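**Q** One-letter residues, chain by chain:
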Amino acid sequence: MSSSPSLNTWSDALSGFTIGGFPLGLIIVAAIPLVFIALYALTYGVYGERKFSAFMQDRLGPMEVGPWGILQTLADILKLLQKEDIVPTVADKFLFVIGPLIMFVGSFLAFAVLPFGPAFIGADLNVGLFYAVGIVALEVVGILASGWGSNNKWALYGAIRSVAQIVSYEIPASIALLCGAMMAGSLSMQHFNVVQSGPYGFMHFFLFRNPIAWLPFIIYFIASLAENNRAPFDIPEAESELVAGFFTEYTGMKFAMFFLAEYGSMFMVSAVLSIVFLGGWASPLPNIGGLALNTMTSGPVWGAIWIILKGFFFIFVQMWLRWTLPRLRVDQLMYLCWKVLTPFAFIAFVLTAVWEIYM
Amino acid sequence: MSEYFSNIKTATTTIATGLTITLRHFINAVKRKGDAGIDDADFFRQVDGLCTLQYPREVMPTPANARYRLYNNIDDCIGCNQCDRACPVECITIETIKVTADDLAICGKTSGGQQKRMWVPVFDIDVAKCMTCGICVSVCPTECLVHTPVADFSEFDVRNMVYHFGNLSKIEAQAKTKKLEEEKAAKAKAAEAAAASGQAPVPKPAPKPAPKPAGDQAGE
Amino acid sequence: MQELGKAELNSTRIIRQDDNRVIIEKDLDTEYMVLSMGPQHPSTHGVLRLECITDGEVVVEAEPYLGYLHRCFEKYCEKIDYPAIVPYTDRMDYLAGMNTELAYCITVEKLLDIEIPRRVEFIRVITAELNRIASHLVAIGTYGIDLGAFTPFLFCFRDREIILNLLEWISGARMLYNYVWIGGLSYDVPADFKKRVDEFVSYFKPKVVELRELLTENEIFVKRTKGIGIMPAEVAINYGWSGPMLRGSGVKWDLRRNDPYSIYPELEFDIPVPDGKFSDVGDSLSRHLVRALEIDESLKIIEQCLDKMPEVAGFDPRAVIPKRIRPKAGEVYGRAENPRGEVGFYIVSDGKSTKPLRCKARSSCFVNLSAMKDLSKGQLIPDLVAIIGSIDIVLGEVDR
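Protein chains in written order, with numbering that gives the first Met the number 0: chain A, 0 to 358; chain B, 0 to 219; chain C, 0 to 399.
Don't take every hint at face value.
Unchecked claim - Mimicking DSSO-like on lysine-lysine, the simulated pairs with C-alpha atoms at most 27 Å apart in a straight line are: (1) Lys-128(B) with Lys-78(C); (2) Lys-128(B) with Lys-359(C); (3) Lys-128(B) with Lys-74(C); (4) Lys-177(B) with Lys-188(B).
Don't read these hints as lab results, they were simulated from the structure.
Keep in mind that this is a model prediction, so the values were computed, not measured.
Here chain A stands alone, though its shape is the one from the complex (with noise of 0.2 Å):
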């Protein structure tokens, strides 16, 4: 809240803005990320996948709703809409009820701390990221819900196996933005931007500034796919083995808040890769000479397209492994997460403490 006041400045005007004292400006403000979640998640998270995927397999992808099949996902959204709310009668119902909804809100929680450029951020806490990554965890219990109240054996299957997966990957994926921590010298989400933020673009981020940035920067990418259950580390969903894992059992609106709740962690971690280590809303475009570059490029609404090319450039990634790689088998996801990840995550914190102190 009061690691950036001036940067505030905009919101700050913009939640003022009324009109015959209605606080029309609050509630735009506050709009302003859902609305732009349910656009993405629309556009870009279903129809892109699709379409990415179809793409690199040779196939065309959805075609017949809208020209080149633009709202096939309206169409989507609307059939499923219309289906009917199955529970199954052994199901628990308070659990198979409310999984869906805890990780429809666990992974839209975190949206409150995300920068949307320098003016919009919906809570400048100071401990963001802590919040960020604390919140995401609340996934794990949606799932877990989901999964025995589902009272399917499948779904059994994928719930634990995602506990334990999530739980796991949470320790790589928590040192390796420790790092990031480290080197910002807060926790605070709009600080991160501020510091990394400068007149020569892309040499300010912490990927460029310095030589071990790497290494936090792959490793909390890594772990963000598990995290999200995103392929090759899909295996509480794993479709071939669990038939669907924890979500067998559902339909209708219910089937598809998991789907929105995936899409939204997936910018989730993307736009926290892109804060922590690529300078969230600065521009990457540098000053050179007298072609300023980085001024024209640099304010409230540059910030907004910059955090959210950046994130769809990491969603990109995201999907781009998921279409080329097979699925990892569990106790090979667990050796990747305690023999690989952590201890080179902890060496990566070492490095960038010494790093940090003497440079």
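Position chains B and C against the provided structure of chain A, taking the given hints into account.
**A** Same frame as chain A, but now just chains B and C:
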């Protein structure tokens, strides 16, 4: 320890190779496969790129000898019943009525010049049952029963999948049956008369050679 | 009380043996869970049902249940004429119709003792090898899906589509050909066929390399399959395994060489067996590898056949087809190397009828699947999926 690092190295390099391949395909997605058939000389010049054909609008052409929907050219059909007997799934139903001698000219000849001796009031093919094996086509003596390259003939009602090729309507068929029965009765009467007048030979072999001369007489 | 606490602490020991089987030792008694895998499970390749008794994720025992696709092939054969059985053999192994047809036709030809024109033999071998490639492509692609890699599957199907186009062009049908007839073929190949197959071979060769780089050499894929479901050679022989499964266990056994039929003795090709460097001999990866390498060998065979195929003016592929097939009394067993192993037909003729008195089909998948119970002991569920995929079953052939 060296195994540990070499594992990481091979994993990284092979994953990178895989990613390059999918990226290459992603970039190549600006091209699309054409819809030329395999019998086209340029077939392999247009297989690059996205290979989806959007079915109802873009159709993969079926070659000329493709075996799909059955078609019977009833004008050439002599009602020999061989296809019915050959069919392993019994999807062909044939009913025939012998042509009376006075109708032979009306019934006509096949395109091969063979005199047709059977009316075929019912020639039903249940294409829903048909497994397109082509055995019926291979036994057909007049080559009137053929598989066509029409592959898309779905229906909402399975009863519409029964194709009727018969060359007589129901009323016509009844008339023809009646006519044949009358002729038979007349023939039997003639045979009886012959038997009564003659030395009463064995009645059994009589009907077999009888029809032709009897028919000829009737025709005359 | 103290002892119980101690026992609880050390109650479970999970041990992964050298052959990758997992053993759970417990001092306390826990319940097993019965997990019904299939018939509507995505990775049982059709309608196989496995009843797994599981201890956590470890399969203690898996029992395959068959018969969901049973179509009374053998009984039906007693009711229909010899040539009319051919389309039914297509439907046994619907991914390799040409090969099964060939196996059936050479069996009846053995019974009839007829000489087949040379050109017919070449065409038969080309189509059979094309179909072998198509079948292996499905096997490799679906194996990728079983292990979570979706993209190789679609690449495989893209290329298989071209093979199906080629076969549709010559036979008139895409999968259920009824092309190889007893004593000949239903049609001669089109005029351009040789050229088009040649073009296909040159089109396909880089795709095989791409597939290998994308799937077979991928470290995750190797880690998922290497050392999983190891089948020693002698046990494989005792189970009666054949085809890529047996060769995966290191036995150099291929009916095209060991019991040669058609013109295979004239052709040069290798029988790929794993050397134990890239994979452990007898594991799932070896079986996958054998299939991948066999594609190369099949391409080699096709190239040789295209070179050697005699051009006969006014060739009639139906010239020596008997008008009425009524073999003399006797019995015969004929077999051929299918993509999935040995497919054989045992036919008894009474000498009077145009229908076989008995037609027994020996299907490779059924025999290969019989080892499932042995292979699945002590495997994790993901490994079980990898093993089923490596067996490459076609339920149409298992149940017939």
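**Q** Run the distance test for Lys-128(B) versus Lys-359(C): straight-line Cα separation, threshold 27 Å.
**A** The given pair, whose Cα atoms are some 25 Å apart, holds under the 27 Å limit.
**Q** Going straight from one Cα to the other, do Lys-128(B) and Lys-78(C) come out at no more than 27 Å?
**A** Answer holds: Lys-128(B) to Lys-78(C) is near 18 Å, not above 27 Å.
**Q** Could you grab the alpha-carbon distance between Lys-177(B) and Lys-188(B) and see if it respects the 27 Å cut-off?
**A** holds, 16 Å
**Q** Below or equal to 27 Å on CA atoms is what counts here, so check Lys-128(B) against Lys-74(C).
**A** OK: Lys-128(B) and Lys-74(C) at ~20 Å, within 27 Å.
Checked against the numbered hints listed earlier, the structure breaks none of them; every hint is satisfied.
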